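So the sequence lines, in the order shown, correspond to chains A and B.
For what it's worth, my numbering labels the leading residue of the first sequence as 660, then goes sequentially.
For what it's worth, my numbering labels the leading residue of the second sequence as 97, then goes sequentially.
Mixed in with the good hints there might be a few duds.
As the list claims (entries may be wrong) - Once the Cα atoms are required to be at most 27 angstroms apart in a straight line, the calculated DSSO-like pairs of lysine-lysine come out as: (1) B/Lys264 x B/Lys311; (2) B/Lys447 x B/Lys330; (3) A/Lys916 x B/Lys183; (4) A/Lys806 x B/Lys183; (5) B/Lys447 x A/Lys913; (6) B/Lys150 x B/Lys182; (7) A/Lys678 x A/Lys913; (8) A/Lys806 x B/Lys150; (9) B/Lys182 x A/Lys913; (10) B/Lys510 x B/Lys490; (11) B/Lys493 x B/Lys533; (12) A/Lys678 x B/Lys360; (13) B/Lys369 x B/Lys447; (14) B/Lys150 x A/Lys913; (15) B/Lys404 x B/Lys337; (16) B/Lys425 x A/Lys916; (17) B/Lys330 x B/Lys425; (18) A/Lys913 x B/Lys183; (19) A/Lys806 x B/Lys182; (20) B/Lys264 x A/Lys806.
Since the hints were made in silico from the structure, they are not lab data.
These numbers were taken from a predicted model, which means no experiment stands behind them.
One-letter residues, chain by chain:
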Amino acid sequence: MSCAAAGRATSRIFISHSKNIFANLAFEEFLFRTGRHPHALLLWSNRPCVVIGRHQNPWLESHVEEIERRGVDFARRHSGGGTVYHDLGNLNISFLTPHEEHCRTRNLKFIVGAVADRLGIQLESTSRDDILLNGKKVSGTAARISKGRSYHHLTLLVDTDREAMHTLLHSPLEESITTNATRSTRAMAGVGCLRDSQPLLTVPRLQEALLAAYRKCFTECETEEVDVDNLLIEAPEVAAVHDELIDWSWRFGKTPKFQVAGLSVENGCIADSPDKAQLGHRFQPALLRKGMEASRAAI
Amino acid sequence: MLRSIAALGLKPLSAQASRTLIVSAVRWLPVVQFNLSDIGEGIAEVQVKEWHVKVGDRVSQFDNLCEVQSDKASVTITSRYDGVIKKLHYGVDDVARVGKPLMDIEVEGAAEEVKQKEDPLDAVKPKSGKPTGDKEAKSTSAAHDNGKALATPAVRRVAIENSVDLSKVTGTGKDGRVLKEDVLEFIGHIKRAPASHSNKRSSPSVGQSSGPALKQLGEDQVVPIRGYARAMIKTMTEALKIPHFGYNDEMNFDELVRLRHELKEFAKEKHIKLSYMPFIIKACSLGLVEFPSLNAVTDASMENVTWKASHNICLAMDTPGGLVVPNIKHCEQRSVFEIAQELNRLHEASKRQQISRDDLSGGTFSLSNIGAIGGTYASPVILPPQVAIGAIGKLEKLPRFDKNGNIYPAHLMKFSWSADHRVVDGATMARFSNRVKQYIENPSTMLTQLR
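Let's have the full structure, built from the sequences with the hints guiding it.
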């Protein structure tokens, strides 16, 4: 199945060599903001990381302490949607377009078509913008729109560490937190990966298939391999976005206000607490255990 | 057409009416209801997630107002107007409806009623004060009549920040108005799809000869010269006393490109980010060993020139606070990797504006990597009391002849040297440049200088 808008003039493919989620998100945001290429496709993979959506709560969506303990990266992206875990067995795909041409359904149908035609794997896209393989979720989608530009990005799991995903995306505080932050929707039938259907599939092979199909949609499409890690040194604009993304006040401070165990937390810091000494301090799950110990001691 | 005060629902203030429940004084600026624009995809409502502004804030066109979310999409809503925010119709977590008012904003810059159209600043008050019969009928050529381009304050700001002369930019907005996209396209930042509506409207001329008067829409902004900028003024005024001569040459980077690629793994192992600059700096230092008169400083009375033993090579750095020029000490004693490390340290420090006094003093020779931003040949200005400086253009791939006479794509960088002609002659500069060129084009010759 060719993409619905075949014959569109030009696009540009960027393949990032960086395995660093912050560098890659910074590069994507940079391409999005500077908009030199109206149409672009960006592909990348990262070493293990957990990525939450723009308006989500890290402590609600994931096991923050375990993530830190394992040295897994934790990032907040600019787009909406839910929380994902991905590692090098995952391919991230980002479609950058002008706002008027933003169409997630079309992009997902394109991927389903390309994977069916070239790899013989039958996927299906859903109305929730997920991609399923035999009913199991193999892809999550998110999008960002601003100033006439947009991007739609998604994960596509070839293979993944299911234990890590299950452990890191379950928060011990799930039941205790009250908030209006966007909550992730758990995949109904569970999570799968493309290797469930084709055990020998690799990320490079998947990438190759998608790129070949993508190029057919444009009369002119150049491919650029980008050393994004190096770009962080040479391009101050990309470095600036990167620095924003790794900052605590973005990753944790941008959390919509919430209540947990008698504490009220705003901008990641304690705004109200029975123990006034805690006010203004950054929220940490460890504080809750101390609180419990204190109350036990009081008894 | 001006609305009467009564039509706006306000009571005029009188001397006695000291207590009034109505907060606003007599205002002639209209308050516009800014609707939540169509987000596309048939979406009718979104959830407001974060406000970037509050009531009373002054905003400019294109400023970020808030973040809204619709299912998986996070959307940033930007302002269509310049003005002051009077009311926000939703709070965080409320559901906002597309097409309904998002906020009320008191629009600046137009004393007449502003209609809710694509281009909000349609009306410009005619000079004579008579309302023209049809507001739309204006002389389009008047847009550039008195040499001043028609643009909103926000667009002017973008133009000033990028040193763009607005009168040189083609406006594609109504009446030839210059839009922000026009300025950005002019700088080369974006390529626009062809405009869906025609740029200029030919209109029947009504009282054509004078046309509408153009008032200054924004305020002049006085920028005090502080910090690094003050030092720049002092240094550059001194530099003007130096008779500069320039010497330019093109250098072939094919070998260095290959070498840098080969060294990638080794550099990674040593945790060093390796660009071309350390090689260039080292090559210059090796050149200065042979031509020490270029690594020199003059004294105020021009009695003596001191050839400095240490090659403290200055690098121009663009920081948030302006141009700063720290130097790497003793380049003649440092390896390429050590120079790379120093360079990284200075880059990091300059980003945080934490360059030390020691880093800034004692420089003996300067380089400016303007090519990191762009450009080929340049005309650098010497930093007194030094006697020479080099500007490095961007790395380009251009067709050149190889040794067999065939055309191939060569990696090239252009070097532009300037030197103090009171104490340096052209032949010395040329020979120095040739030597640096030799080291750069044949990096193996640098090997022979290892101790």
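For each hint, the structure was consulted:
no.	hint	result
1	B/Lys264 x B/Lys311	19 angstroms, holds
2	B/Lys447 x B/Lys330	23 angstroms, holds
3	A/Lys916 x B/Lys183	23 angstroms, holds
4	A/Lys806 x B/Lys183	22 angstroms, holds
5	B/Lys447 x A/Lys913	24 angstroms, holds
6	B/Lys150 x B/Lys182	9 angstroms, holds
7	A/Lys678 x A/Lys913	24 angstroms, holds
8	A/Lys806 x B/Lys150	20 angstroms, holds
9	B/Lys182 x A/Lys913	26 angstroms, holds
10	B/Lys510 x B/Lys490	7 angstroms, holds
11	B/Lys493 x B/Lys533	17 angstroms, holds
12	A/Lys678 x B/Lys360	16 angstroms, holds
13	B/Lys369 x B/Lys447	16 angstroms, holds
14	B/Lys150 x A/Lys913	18 angstroms, holds
15	B/Lys404 x B/Lys337	22 angstroms, holds
16	B/Lys425 x A/Lys916	50 angstroms, violated
17	B/Lys330 x B/Lys425	24 angstroms, holds
18	A/Lys913 x B/Lys183	24 angstroms, holds
19	A/Lys806 x B/Lys182	23 angstroms, holds
20	B/Lys264 x A/Lys806	25 angstroms, holds
When each numbered hint is compared with the structure, a violation occurs for hint 16 only.
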